[in-house]
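Participant: Here is what each chain is made of, one letter per residue.
2 protein chains.
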Amino acid sequence: VPPPYEFDIATAMTRVDEGRFAGEIHDGWDIMGNANGGYLMALAASALREIAGRPDPVTVTAHYLAPAPAGRIEVRGETIKSGKRFATTTGSLVAVDGERELMRVVAAFGDLASTADGYSRMDGMPPDLPPFDDSPSRRRAGGGATGGTSDGAPALMDRLDVRLRPGDLGFAEGMKTGSPSIAGWFGFADRRPVDTLALLLVADAFPPPVFNIEMPPGWVPTVELTVHVRGVPAPGPLACRFATRFIQGGYLEEDGEVWDSSGRLVAMSRQLALVPRT
Amino acid sequence: VPPPYEFDIATAMTRVDEGRFAGEIHDGWDIMGNANGGYLMALAASALREIAGRPDPVTVTAHYLAPAPAGRIEVRGETIKSGKRFATTTGSLVAVDGERELMRVVAAFGDLASTADGYSRMDGMPPDLPPFDDSPSRRRAGGGATGGTSDGAPALMDRLDVRLRPGDLGFAEGMKTGSPSIAGWFGFADRRPVDTLALLLVADAFPPPVFNIEMPPGWVPTVELTVHVRGVPAPGPLACRFATRFIQGGYLEEDGEVWDSSGRLVAMSRQLALVPRT
Numbered sequence: 220v221p222p223p224y225e226f227d228i229a230t231a232m233t234r235v236d237e238g239r240f241a242g243e244i245h246d247g248w249d250i251m252g253n254a255n256g257g258y259l260m261a262l263a264a265s266a267l268r269e270i271a272g273r274p275d276p277v278t279v280t281a282h283y284l285a286p287a288p289a290g291r292i293e294v295r296g297e298t299i300k301s302g303k304r305f306a307t308t309t310g311s312l313v314a315v316d317g318e319r320e321l322m323r324v325v326a327a328f329g330d331l332a333s334t335a336d337g338y339s340r341m342d343g344m345p346p347d348l349p350p351f352d353d354s355p356s357r358r359r360a361g362g363g364a365t366g367g368t369s370d371g372a373p374a375l376m377d378r379l380d381v382r383l384r385p386g387d388l389g390f391a392e393g394m395k396t397g398s399p400s401i402a403g404w405f406g407f408a409d410r411r412p413v414d415t416l417a418l419l420l421v422a423d424a425f426p427p428p429v430f431n432i433e434m435p436p437g438w439v440p441t442v443e444l445t446v447h448v449r450g451v452p453a454p455g456p457l458a459c460r461f462a463t464r465f466i467q468g469g470y471l472e473e474d475g476e477v478w479d480s481s482g483r484l485v486a487m488s489r490q491l492a493l494v495p496r497t
Numbered sequence: 220v221p222p223p224y225e226f227d228i229a230t231a232m233t234r235v236d237e238g239r240f241a242g243e244i245h246d247g248w249d250i251m252g253n254a255n256g257g258y259l260m261a262l263a264a265s266a267l268r269e270i271a272g273r274p275d276p277v278t279v280t281a282h283y284l285a286p287a288p289a290g291r292i293e294v295r296g297e298t299i300k301s302g303k304r305f306a307t308t309t310g311s312l313v314a315v316d317g318e319r320e321l322m323r324v325v326a327a328f329g330d331l332a333s334t335a336d337g338y339s340r341m342d343g344m345p346p347d348l349p350p351f352d353d354s355p356s357r358r359r360a361g362g363g364a365t366g367g368t369s370d371g372a373p374a375l376m377d378r379l380d381v382r383l384r385p386g387d388l389g390f391a392e393g394m395k396t397g398s399p400s401i402a403g404w405f406g407f408a409d410r411r412p413v414d415t416l417a418l419l420l421v422a423d424a425f426p427p428p429v430f431n432i433e434m435p436p437g438w439v440p441t442v443e444l445t446v447h448v449r450g451v452p453a454p455g456p457l458a459c460r461f462a463t464r465f466i467q468g469g470y471l472e473e474d475g476e477v478w479d480s481s482g483r484l485v486a487m488s489r490q491l492a493l494v495p496r497t
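Protein chains in written order, with my numbering: chain A, 220 to 497; chain B, 220 to 497.
Think of the hints as simulated: they come from the structure by calculation, not from any bench. Predicted model only: the values in this text are computed from it and were never measured. Heads up, some of the hints might be wrong.
Unchecked claim - Chain B stretches covered by chain A per the calculated footprint, using a threshold of three residues with CB under 8 Å from any CB of chain A: (1) 241 to 247; (2) 251 to 262; (3) 273 to 280; (4) 335 to 345; (5) 444 to 456; (6) 468 to 480.
All C-beta atoms, glycine included, are put in the ideal place defined by N, C-alpha and C.
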């Protein structure tokens with residue numbers, strides 16, 4: 220599939236004024252009609268990156284304020300500080316119809332490719348996954364070399380090529396693993412390369428790991444998501460791991476790691492989410 | 220020691236206008252003249268909490284923009300959204316002399332005590348520590364039941380009563396443990412109870428865990444810190460654990476867990492920090 224890629228169309232923003240960008244929450248990047256949180260973060264970062272004038276979102280935090288159906292939006296942002304290493308920005312993602320703020324973001328942009336590697340020490344590894352080509356895709360429509368599955372995956376999964384670790388999709392088949400952990404491969408369905416902007420989507424593109432335990436069912440709304448982009452991904456699918464350790468007092472955290480095909484950590488994420496009320 | 224406690228004095232903010240609070244970065248909450256990042260977060264949250272009108276900072280993110288010497292500051296903030304469960308706010312901490320923004324914060328406030336416990340599952344435990352009373356304090360001036368130590372601790376440590384796990388202070392004595400992990404107790408020197416505001420300080424009150432590995436020496440400046448407050452602490456000292464897993468490309472993350480005396484997780488933290496340049 221040649222460019223333009225779906226993700227680029229879905230995150231395109233047009234500058235309409237100083238610090239004001241117009242765009243759209245596109246259909247098909249949602250879970251049951253509510254746009255995916257990582258997609259919304261990427262949409263806002265797409266505009267803030269223009270404001271920052273630096274290529275990579277290094278650390279991005281979003282607070283989710285309201286459900287986000289498809290429709291026209293604006294991102295209204297500004298540079299807080301433009302320094303040597305970072306341009307730090309903030310912005311609102313606003314639904315134009317009704318002037319309703321959906322998300323507030325603070326993000327520092329920099330140039331990850333220009334940073335010298337220096338001292339390195341890694342206490343962790345990519346998840347152990349079968350080869351990408353041998354893994355079933357969550358795409359509903361099928362297609363791709365290995366065919367698709369029909370596991371009740373949301374519309375978002377048609378845009379992506381997410382391939383879960385064997386067994387981790389158990390929740391969709393009535394066979395929860397009992398462990399709040401999900402791992403698998405991430406790619407785009409149209410083979411768009413994953414750049415640092417797309418890593419923001421990756422950080423929220425997997426099913427909640429708690430779907431694999433006997434927690435009361437229901438959606439797990441994100442209150443806040445922070446993504447640290449730790450490197451520019453090498454070409455190829457990304458190996459991802461998401462896990463929840465602490466569910467208490469109505470809240471849970473979800474931690475993510477994203478590794479590229481060269482075995483390099485390219486993103487870490489953490490979100491605070493709400494436990495479904497019983 | 221009777222109230223007013225040092226932390227309350229050091230985080231006192233006076234409302235001067237709609238969304239504008241005056242205060243001071245107090246001396247003695249610093250590391251080598253630069254105010255501690257957790258203290259700065261608590262200072263801003265002290266004002267934003269007034270704006271929010273809710274007792275507990277549930278998730279707070281700070282971007283650190285410039286070094287913060289002692290002096291007069293203002294916090295200028297606003298409510299982004301006041302909802303049923305959260306009041307989401309944002310604010311700037313500005314040094315009055317020179318009108319220099321030092322930190323930008325986004326924070327959601329709520330009422331943690333009012334939340335029903337519901338489903339709970341914990342994959343983790345407090346760190347294994349000797350009893351608080353048997354542990355040496357990092358207070359430079361000595362005092363307290365078990366006496367003090369003189370380990371080159373920064374001024375901040377005189378306000379606190381931080382007691383590290385045996386061996387974890389090795390870095391200060393030329394005996395690094397080789398593991399980027401530090402655990403220990405947190406209390407205030409004047410026995411102020413630790414509330415949810417003070418947990419923001421706790422999240423940044425320990426030495427960087429990387430001091431215990433053979434990384435090139437130097438300060439480890441925080442770019443961004445996010446704290447999730449997961450519960451209202453029970454009385455007594457807090458058991459804390461900080462660790463760094465991934466040092467790569469000039470960046471590292473530091474993750475923290477804070478547990479209260481009843482064995483309940485009360486805060487999780489993650490920060491993105493810079494590796495000292497060689």
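Participant: Against each hint, give a clear statement of whether it holds in the structure.
Facilitator: Status of the hints after comparison with the structure:
With 0 residues having a beta carbon nearer than 8 Å to a beta carbon of chain A, the stretch 241 to 247 of chain B misses the requirement of three or more and the stated coverage is violated. Only when three residues or more bring their CB closer than 8 Å to a CB of chain A does the claim for the stretch 251 to 262 of chain B stand; here the count is 0, and the claim is violated. With 3 residues having a Cβ less than 8 Å from any Cβ of chain A, the stretch 273 to 280 of chain B passes the three-residue criterion, so the hint holds. Using a Cβ-Cβ cut-off of 8 Å, 9 residues of the stretch 335 to 345 of chain B lie near chain A, which meets the minimum of three, so the contact claim holds.
Counting residues of the stretch 444 to 456 of chain B whose beta-carbon sits less than 8 Å from any beta-carbon of chain A gives 4, enough to reach three: the coverage restraint holds. As drawn, the stretch 468 to 480 of chain B meets chain A at 4 residues by the rule of a beta-carbon pair under 8 Å; at three or more, the given contact holds.
Of the hints listed earlier, those the structure fails to meet are numbers 1 and 2, in rising order.
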